[in-house]
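Participant: Here is what each chain is made of, one letter per residue.
Protein chains: 2
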Amino acid sequence: MADIPARTEIGVTTGPIRGSRKVHIATKSGSGIRVAMREIDLEPSSGEPSIRVYDTSGPYTDPAAQIDIMAGLLPLRRDWIMARGDVEAYDARALKPEDNGQLGPDRSGGVRPFPNVIKQPLRAKAGANVSQMHYARKGIITPEMEYVAERENLGRERLASYVRDGESFGASIPDYVTPEFVRNEIARGRAIIPNNINHPESEPMAIGRNFLVKINANIGNSAVASNVASEVDKMVWSIRWGADTVMDLSTGRNIHDTREWIIRNAPVPIGTVPIYQALEKVGGVAEDLTWEIFRDTLIEQAEQGVDYFTIHAGVRLGYIPMAAKRVTGIVSRGGSIMAKWCLAHHKESFLYDHFDDITEIMKAYDIAYSLGDGLRPGSIADANDEAQFSELYTLGELTHRAWKSDVQVMIEGPGHVPMHKIKENMEKQLEVCGEAPFYTLGPLTTDIAPGYDHITSGIGAAQIGWYGTAMLCYVTPKEHLGLPDRDDVKVGVVTYKLAAHAADLAKGHPAAQVRDNALSKARFEFRWRDQFNLSLDPETAEQYHDQTLPAEGAKTAHFCSMCGPKFCSMQISQEVRDFASKQNQGVEGFIATGPTGAETAAASKAAALKGMEEMSRVFKETGSELYMGMGDREHD
Amino acid sequence: MADIPARTEIGVTTGPIRGSRKVHIATKSGSGIRVAMREIDLEPSSGEPSIRVYDTSGPYTDPAAQIDIMAGLLPLRRDWIMARGDVEAYDARALKPEDNGQLGPDRSGGVRPFPNVIKQPLRAKAGANVSQMHYARKGIITPEMEYVAERENLGRERLASYVRDGESFGASIPDYVTPEFVRNEIARGRAIIPNNINHPESEPMAIGRNFLVKINANIGNSAVASNVASEVDKMVWSIRWGADTVMDLSTGRNIHDTREWIIRNAPVPIGTVPIYQALEKVGGVAEDLTWEIFRDTLIEQAEQGVDYFTIHAGVRLGYIPMAAKRVTGIVSRGGSIMAKWCLAHHKESFLYDHFDDITEIMKAYDIAYSLGDGLRPGSIADANDEAQFSELYTLGELTHRAWKSDVQVMIEGPGHVPMHKIKENMEKQLEVCGEAPFYTLGPLTTDIAPGYDHITSGIGAAQIGWYGTAMLCYVTPKEHLGLPDRDDVKVGVVTYKLAAHAADLAKGHPAAQVRDNALSKARFEFRWRDQFNLSLDPETAEQYHDQTLPAEGAKTAHFCSMCGPKFCSMQISQEVRDFASKQNQGVEGFIATGPTGAETAAASKAAALKGMEEMSRVFKETGSELYMGMGDREHD
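Chains as they are written, first to last, in the numbering used here: chain A, 1 to 636; chain B, 1 to 636.
Be careful, since some hints might not be right.
[Unchecked claim] A few chain A positions that, by computed beta-carbon distances, are all more than 10 Å from chain B:
1) G15
2) P44
3) A71
4) E167
5) F355
6) G451
7) R523
8) R577
[Stated by the list, open to error] Distance condition first, Cα-Cα at most 27 Å in a straight line; then the derived DSS-like pairs of lysine-lysine:
9) B:K555 with A:K325
10) B:K555 with A:K555
11) A:K423 with B:K423
12) A:K119 with A:K96
13) A:K96 with A:K138
Rather than coming from a laboratory, the hints here were simulated on the basis of the structure.
Every value quoted in this text rests on a predicted model; they were computed, and no experiment measured them.
The beta-carbon is built from N, C-alpha and C at its ideal position, and this holds for glycine as well.
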C-alpha cells in the first residue's frame, strides 16, 4: 500500500496516486498497442472534463496490476523486438565476483541476487543494427515510435479551441504528434528513444526538444550509504512522482546485483556510468583501468538491459591542463577518473581512442550514448570556460561519428552557470552537436545555498529547458552534502517536474496549460479536492492545508487560513461576479447604469486604452533601445 | 538563545548566525555613522580573508546588544531626524477599540499592548516635506543615504582585481556606491529608502534596480490563525535569515497592538496594506468603507511608524469588468475589496479620487507608496491581460503625481506569469513608471504545484530580478493553502535570498560573486565548516551532511557520503593537481613530457581551438538566425 516501504526486505510503494485513475489508451493505428497514462476526475458538479496527464509511474499505480518484485515487470516490448527478426539469443557472459566488488577471498557483504535473471540475453544478429535510429532512417515506424506519439499527445486532439502561445526559440513543436513525426525526429538525431533490447519491460519514451521536457532522477548506493532494498524503493518512488528516466549511479559494492533488481522492475529507461563499476573492479585505482576491463563492463551492463551509458570520451588529454586553473577543478566523478588515468599514462583517453569500438556495442543492443560532460563547471567561477567548451566541441565530433553508425546520442551539460551565461550553452550545443538532445544537470545559478540546491538548480533548469534542453537531471536538497534519501528523492523529482512544466508552458507546448487552467479554475471555485488532485503532489498540498484547517467542512469552504472568510479574494471575486449578474446584466453593463458610472468607467477605460497604445508605439519604435538610452544617465 | 522561541510569552530568537561575527563599519565620511554587517571568518590554515556579507538581522544577532522586547530597539535614527529641524511632536491620535477589531461590547480577545508606546509621534512642520526624495532633490545627502552607500558596498573596495561580468539589460550598477550616487538615484525616483520618521529604530536600506536585489517577507495573523507572540517571533526569524523588509498583513483582531510590537522591535522597514484594517473597522463589509475611515487609518498607522503603504489606487471602476472574464478573477485581497466597493457604489475608487490627499499624509511622515497591483494575474491563463496592464498604466500616472510632491514610490507587480511573458512586464513597468522600483510577488511560473510555490515563484523571481526588479516579495510553501508558520517563513526567505543573489550575479553586481567563489573554494579544499558557514543556511547544510556522516572527523574528510572516499571528484581533482606538480612542473608541462603526450595533447588542443574559432565565426555571422534556420525543417 502507499507509503509503507520495507527496509529489511525489498518492498516498494504501490497504489494509485491520489485522485488519479490509470488508463490505457489505444493508439490510433489500431495495432493494439495501449499506452499507459492517468486521468484525474474532477467533481461532477463542476461539469469539468477529466484531465489526462503523462504518467511515468508504471504498473505500480495500477490497481489491476500484479506486482511481484521477485519476478520483475512484464516484458512489454518483447514481441515487438522479436518480430523485427534481427536479434539472436546467446549465452550470457559469466558473472564474476568483481562484478559485485568482491575482489578478495572475503565474499561477505553480498546481497541476494535477482531470482529470475535471464540466462540468454539478446543481441543483434551479425551485421544487424537494432537501434531505433537505424529503423527510423530506413523509414520504419516502430511500435515504440507509435507508443511515444500517443503518449506525447495526451489526448490533445480534444483541445481544438486552444490557442498556442509561447516562445520556443525556433523549436518545431507540432500541434499534434504523429508516429511519422517521431520517426523523423529520431532519424535526424533530434530525439532518442532509449530502450535496450534487453530491457523489454520499459514503457517507450522520447527525449527531444520538440517533445515534453523530461526529467531524470539519480539513485544508487555509495561505499558509505544505502542498500539494495533502498535503491529499488527509491526507483519506484521516484517514478511515482514523475521521473522519466532513472540513473543508477551506484559506486559501492553489489553494483551488478543491485542493477539487476532495478532494471527488471523499472518501467522507465535506466542509465548508468560504466566507468564507476570498472573502477570498482580495479579496487578503486584509476591508473589500473584498461580498455579491456571497460569493454567487458559494457557487455555485462548491456546484457542486463541498461538503456543509456554515460561515456566521458570528451575528457581528452589536451584539455586536462585547462581545468587546473579552475576554482573547483573537475567535479564529474567519471571525468576526474579519466583525467587521473590520462595523466598517469601520459596517453589519450582510451574512451576517445576506442570510441568506434564502443559504438559497435551500442548498436548491437540499442543503447544510447549520453556523452558525458566530464569537464562541466562545478562553480559559478568556472562556468563557460575553455575546458568546458573544448569538451563540448569534442562531444560534437563524437555525435557525428556515432550517427554514422545510426547510434542514438544525447549530450550531457552543466553544472553551475549564472543565469546570463545559460543561453550560450544552449546555442553552442545546438550548433556543435547537430541538435542532438541536451541533458543538463540544473544548472545551479549560484553556489551559496547548499541544502537548497534543488532550488538554485531548478531556476537554471527551467530556463535551459525553455531554451531547448530536452531532459533535466534532478538535484536534491542533499547535493554537495550527502547521499539523498527517499524524501530528498521526492522533493528533487517534484521540483524538476515543475521546472520542466514551466519550460513546456513557456515554449508554448500545446496542452501544457490545460492542467494549470484546470487547477486554477478549481481554486477559484473552491473545489479544494480537485485542486489537490490536479497538483504535482496532492498529499503534501492537502497536508499543508489541513495543518490549519483540518475539518472535513474546510474542503468546501470558501476560504482558507491565509485570509479567513472575510478577506478571501477568491470569494470576493465570486461575489463581484454574482452581484453584477444579479442585476441581470454583465458587469460592464452594470457599471454603466450608475450615476457617474458610465462616464467614469468610459473615461478611465479610454485613458487606459490610449495609454497602452502609446506604450506599444514606443516599444515598436525603440525596441531594445529602451534600456540602452536609459542606462547611462548616471549623473543626470 | 538560538531557536527556542516562547509561544506563551513574546520571545524571539537571538544569538549570532552560525559562523558569522557582527561588525559595525564606519562610513567613509568620518561622521561617526556605523553600519551593521557581518563577517564570516574562514579557517586560518586556508589563508583566506574573512567574507563580509549584507546583514538584515539587526541587533538580535549581536552578542553585545541588550535585547528587551518590552522596550523595543534603540532609536538609531532619532538624532538624524531631529537634526533636520523640520519635524514637530504632537499628541497622538486617540486609540479606539475598533483599531483592534473590538466593535461591540465584547472586549475580550485583546492582547497586551506594547508597554512603551510613544505618546507624542512626530510629523512634518507645516509646509515641510520630510521625504528622502525631497532632501535628495534639494541636493542634500542625508545620514540615511550615507548609511545605505556603505551598506551596499560590503567592502568591495578590497576587490580591486575583480573583473565585472554580467548582463544587466541597461541598468547602471556602479563599481562603487557613493553617497552621492544614492542621492541621485533617490532624486530621480529610481530608488527609495523607506523609513518613516516615527520608525527611528530601522537600519536604512535602499530598494532600487542599481542596488542589491532585496526581498520581503510577509507575516501577520488572520481571523483563523496565529497570535501576537508568533508574529513578533516570525518577524525576528525572517530577518535573521535575510528578509530586507517585512510586511505585516494581519487581517484578524488586534491589528493595532500587533503592529506596535512589531515596529518597535523591527530593524527593517515595515509595510502594511491599510485597507485591511479599515475593513475590520467596518465589520468586514466592504461597501461600508469610506474615505474618512481610511484616512483615519492612515494617520493611525503613520503615527506608529509604518514605512510603506500598499495603496490599490489602480483598481479603477472602468477596469473591473476586464477581470470578469478571467480564470481567477481578482486575487489581491485589497484589489477585490476595492472592486466590491466600486461596484456597490457605482463610483470611482476613493483611493484614486483622494490620491493627492493620501500624498499629503505620506510626505508629512516620509512613508513610501507601494502602488498596489490589485489586478495582478492569479493564474497562468490571466497573465499579461488587459486588466493587469490597464492598472499598470494608472500606476504610472500616479507615480508621476506622487513625484510632483517628492514622495517616494515603488510599484507592485505580478503574480502568475509563464516565463516567456516575464520580460514584457519589466519593460512595460520601466517605461510607464519612469523606472520607479519594481516589487513583484514571484512571479509563479506555473500553477500546478501548490505546496511548492516558493519554487515555482523562485524561478520567476530570479528572472525578473535579473531583468531589473528591485525587490522580490517572498512566497512560502503554504501559498494558496494556509497561513505560513515559522518553518515556512524560513524556507521562503532562504529561497528568495538565493533567487535575489542569482539575479545579482547575472546582473554583474560587483562583489556578488565573492561569496560563491569563497564557498566553492572551501568546498574544493574540503573545509566543510567554512562551506557551511558561508552558505545561506549553515545549520541546514551541516544537518544534511551529518545525516550520513555525523562524526567530527567527517568535517575534514576528503569526501562525503554522496560518493565515498574513492569516488570523490573533488579529491581526485586535488590528486591530479598534486600529481602533476610533484613532477616539478605545471600540469601542462607534465603532459608534454610523456611518450605520445606532447603530440596528442597539442593535437587535441589545436583541434579544439580551431573548432571553437569556427563556432565563434558561425555565431557572429548568423546571430539569432541560428534558431530560425533550423526550426522549420519539420519534414526534412
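Participant: Evaluate each hint against the coordinates.
Facilitator: Taking the hints in turn, this is what the structure says about them:
Chain B leaves A:G15 outside its interface by the beta-carbon criterion, the shortest separation being 20 Å against a cut-off of 10 Å. With 10 Å as the threshold on Cβ separation, the claim that A:P44 sits away from chain B holds: the shortest Cβ distance comes to roughly 20 Å. With a closest Cβ-Cβ approach of about 32 Å to chain B, A:A71 is found to remain outside the 10 Å limit, as its non-interface label requires. A:E167, annotated as away from the interface, has a beta carbon of chain B within 10 Å; the closest lies near 4 Å.
Distance check for A:F355 against chain B: the nearest CB is about 13 Å away, which clears 10 Å, and the non-interface claim stands. Taking the minimum C-beta to C-beta distance to chain B, about 4 Å, the non-interface status of A:G451 is violated against the 10 Å cut. Remark: the non-interface label on A:R523 conflicts with the geometry, its nearest Cβ contact in chain B lying 7 Å away (cut-off 10 Å). The beta carbon of A:R577 sits about 6 Å from the closest Cβ of chain B, which is not more than 10 Å, so the claim that it is off the interface is violated.
Our distance criterion of 27 Å between C-alpha atoms is met by B:K555 and A:K325, whose separation comes to about 25 Å. Among the hinted pairs, B:K555 with A:K555 is inconsistent with the structure: their alpha-carbon atoms are about 48 Å apart, more than 27 Å. For the hint pairing A:K423 with B:K423, the CA-to-CA distance comes to about 15 Å; that is within 27 Å, so the pair holds. Proximity of A:K119 to A:K96 is assessed by CA-CA distance (about 14 Å); at most 27 Å being required, the pair is judged to hold.
At most 27 Å may separate the alpha-carbon atoms for a hinted pair to count; A:K96 and A:K138 exceed this at roughly 39 Å.
Hint violations for this structure: numbers 4, 6, 7, 8, 10 and 13, all remaining hints satisfied.
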